[in-house]
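Enquirer: Next come the chains, spelled out residue by residue.
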Amino acid sequence: MKQMLSREPFALLAFSLVILTMPIWLAPLGANYPDLLQKFTIYAIFAMGFNILFGLTGYLSFGHAAFLGIGSYAAVWSFKLFTMNVLPALFFGVAFSGLFALLIGFISLRRSGIYFSILTLAFAQMCYNLAYSVLTPITNGETGLQLTLQDPRIIDRALAEPGKGLPSTELFGLSMSGYSGFYFCAVVLIVCFFISRRIFYSPFGLTLRGIKSNQSRMNYTGFNTRPYTLTAFVISGMFAGLAGSLLAVTDPLAGAERMQWTASGEVVLMTILGGVGTLIGPMLGAWIIKYFENIFSAFNPETLQSFFSFLPEGLRTVAVDVSSLFVGEGWHLTLGVLFMLIVIFLPGGVMEGWRRITRRFGGGSGTKPASSPNAAVQPAE
Amino acid sequence: MDAIFLQFLNGLDKGGAYALIALGLTLVFGTLGVVNFAHGALFMLGAFCAVTFNKFLSYELVVLDETKKTAWGTAVEIRTPYIEAWFGDFGTQILNYSVPISILVAIPVMLLIGVSMERGLIKHFYKRPHADQILVTFGLAIVIQEVIKHYFGANPIPQSAPDIVSGSANIGAWLGLSDNIVYPWWRLVYFGFSALIIGAVFAFLQFTTYGMVVRAGMRDSETVGMLGINIERRFTVVFGIAAVVAGLAGVMYTPILPPDFHMGMDFLVLSFVVVVVGGMGSLSGAVLAGFLLGILQSFASMNEITSIFPGIDQIIIYLVAVVILLTMPRGLMGREGVMEE
Amino acid sequence: MANSVLHVADVHKSFGGLQALSDVDLNVEEGTTHAIIGPNGAGKSTLLNVCVGRIKPDSGHVVFNGEVLDAHTPDEINQLGVSRVFQTPEIFPDLTLLDNVMIPAFAHRDGSFSLRPFSKLRHETTIRQEAEQVLSDVGLEALQTREAASLSRGDKRRLELAMCLIQRPKLLLLDEPTAGMARHDTNRTVDLLKTIKARGMTKVIIEHDMHVVFSLADKISVLAQGRIIASGTPDEIKGNPKVQEAYLGGAQ
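Protein chains in written order, with my numbering: chain A, 1 to 381; chain B, 1001 to 1341; chain C, 2001 to 2252.
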């Protein structure tokens, strides 16, 4: 089974099956409505892309949300200026974020360690602050960039008379709301998975791992590491831009808060939670966080009361009081606690936990399995 | 000219806050080798010490005065804070001086918070990679922030400075410049206060044997450990000191900026930039960069500047950080080999 | 006189007040093994650092195969054909042994940067076979799927040697390749180095173990306090009174 999955076609097939059937297997969890499913796929792309940088090269960027925001703005502008078709929007989102990533990466990657983290953070904060203030003509400041009836939309207008009201995003006539929106995102996610997997199992990916493991050795081994890290940075920036433009596809609106450093922190958390440097870990992390965000933030004192209704009066009050800290508005508290618990007890994230479980119940073989995919890709040939 | 001088003054109090926070960050990083993203939360906790103390002092005694009736025919409520009811004018004075007095409360509280944070969490992360330290303290910061939000609400809670320093000082007249330079007293007090604290920390490190060991530990903790000095206990104390410094910076800042739950994060991000600009591990670099960036930020917000470069006031600190890091790889006063692998 | 592969010409380097290298002149001839010996702190490692571009000399030049190395970065110097084994093993601790050896092979084949992010690692059969071969040359074939961090110190050295050998360098610099190894392992390494020598690879080796030095070196240079005090064949060095003074005099 494991060896079969390590073959590309099987891996892709299995992955596509899992993703496309999400509405079915998530039904028991109550998470099978399009809105949430779209978020699952979009943030999976974001985290997957972030992992190409952080997981493979070890460079911890604290400003990746900037690319998410840039992707969103570019996509909404594409809707406003040209057409409601989503393909140009994705193209512009990826292109612009890639361009910014090239610029920011070129400068930031001249430093490593925490200096790199601070540089990326500085750039992201600059983007955020500017989007809020002087760039208002482009970003519409605090209100956020929205579609209006006055938008030129030149391509759409050339083809057909505009209807009444605000148009919605579409793919050659297929509306991108609801399940069709989810399936579109899902297909994009599958493509991203394919790209990410190829990178993981390529000499390029191995080189990036080498940089993470021992950068100075890489130099003495004859590698000019900076172009490699820059490529990884740009690719992961483009993934973020793609995720950003997909956010705009499902809801044509872009706000500056998407670029704030808390958003950057969130993608770091997703990646850590799932498992840094693993192929699907970051995606799982994104799902877990978005799922619990959805569940926890929906709770309110009334639902808690009914939830704890089996308890006697006094205990119930205590239980409700304590748990109300963690739900609704307090969801971030849960997030913080989760963050700490993961880093303290399970630095490898969910994937590490899974590995521990399978090791305990599965193989008792004496040798320590190597974490590198190279070992996994090589069945006894 | 006047405007420039005024902006310079305006930068001092903000610079003082940056410097105090950055000082603690650097102290912790230099001795313990820990990148503490929860340091901003300590600043915020300090501010909320002042808020709590004030709240505590303002608990009111409610007396119904049956002789007077309100328009609804109920007895008029006469509300006096207990402290006034008990101590009279002295009580009023205490209430008036609640912010400076809460320093006395904040010191033990922050020390306790700092020490328990170090013993309970940070201690286990000395040997872990910097990324792990960043992440766990980041998580802790979120937790602290959310707890505060839960108990104090999301809105800023204004605190007032004592009446005696609530006005503005006519600094221009003192210096014989012009009468246009007036500057809030409390900001001057804050600057003086931050200078005092910075001086105290430096004196502690410079003139006490304890401080000497800490400085030696910043250079080479392994060797100091081998000399048979219990470095771990000193780490705890250093962390406690850093927490107190951040807390006091927060206490005194409350009249300038009404504290809310996310002020810690706002200041943390900037303070990290300050630390990095100053050079990781350099105390004087942190102080220098703190004031420098505070003053630069204040200059950048002048109308003359923003009309030429719109938005510059929003990004100046980050811009300076980028330029300094690119031209001086280790910041203004950083040492070689710190945080580079 | 045989072709000079490495020429260190009048190199000076000081750190603060410490003169680490002064007036160092060294000629390494093609196909020879040139040992550099000397007491601790004599500047041996600094000399190698200058050769791989880790440290820039204050004055003087390092010339490799007619190319002046001063302006080159470490990766360029490696691409010219210089590989180095460090005093403390520089490996990729969290990768498998096989990966450790394949990475340098890619650098050797594809140059300092090549962007083919989608080619598949599993199709690189030639490089994998080469890597397996080199690992078995150094005696680590049984451990190839292990993580490098789990190796013993001696094994790490051998792994690093394998990482250099797979690049088929024109010049191999070895900084104490047998330090910290058990006698048995030292002998194996010496045998290995002798085999490489038979292939005609030029080597510069820093070593404290005189047994290793005299069984490998064609030529020996003695470095003391940043200066080369003697250079010659092993026999010449053995009889040189200045060398004895440097070693014995330094010990008193």
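A portion of the hints provided could be inaccurate.
Said to hold, decoys possible - If you anchor each label on the Cβ, the simulated ranges turn out as follows:
(1) Q2133(C) - I295(A): 53 to 59 Å
(2) F1309(B) - L166(A): 35 to 41 Å
(3) L325(A) - P1258(B): 21 to 27 Å
(4) F1309(B) - I107(A): 52 to 58 Å
(5) T262(A) - V1182(B): 58 to 64 Å
(6) L2115(C) - F172(A): 48 to 54 Å
(7) M1212(B) - F2118(C): 57 to 63 Å
(8) W354(A) - P1329(B): 36 to 42 Å
None of these hints come from the bench; they were simulated from the model.
Beta carbons are placed, not taken as given, at the ideal position from N, Cα and C, and that holds for glycine.
Enquirer: Now tell me, hint by hint, if it's right for this structure.
Expert: Structure-based check of all given hints:
1. Q2133(C) - I295(A): 53 to 59 Å: 55 Å, holds
2. F1309(B) - L166(A): 35 to 41 Å: At 36 Å between Cβs, range holds.
3. L325(A) - P1258(B): 21 to 27 Å: Hint holds: Cβ distance 24 Å, inside 21 to 27 Å.
4. F1309(B) - I107(A): 52 to 58 Å: Taking Cβ atoms as reference, F1309(B) and I107(A) lie about 19 Å apart, which means the hint is violated.
5. T262(A) - V1182(B): 58 to 64 Å: 38 Å, violated
6. L2115(C) - F172(A): 48 to 54 Å: 33 Å, violated
7. M1212(B) - F2118(C): 57 to 63 Å: Holds - the Cβ-Cβ distance for M1212(B) and F2118(C), about 58 Å, lies within 57 to 63 Å.
8. W354(A) - P1329(B): 36 to 42 Å: 40 Å, holds
When each numbered hint is compared with the structure, violations occur for hints 4, 5, 6.
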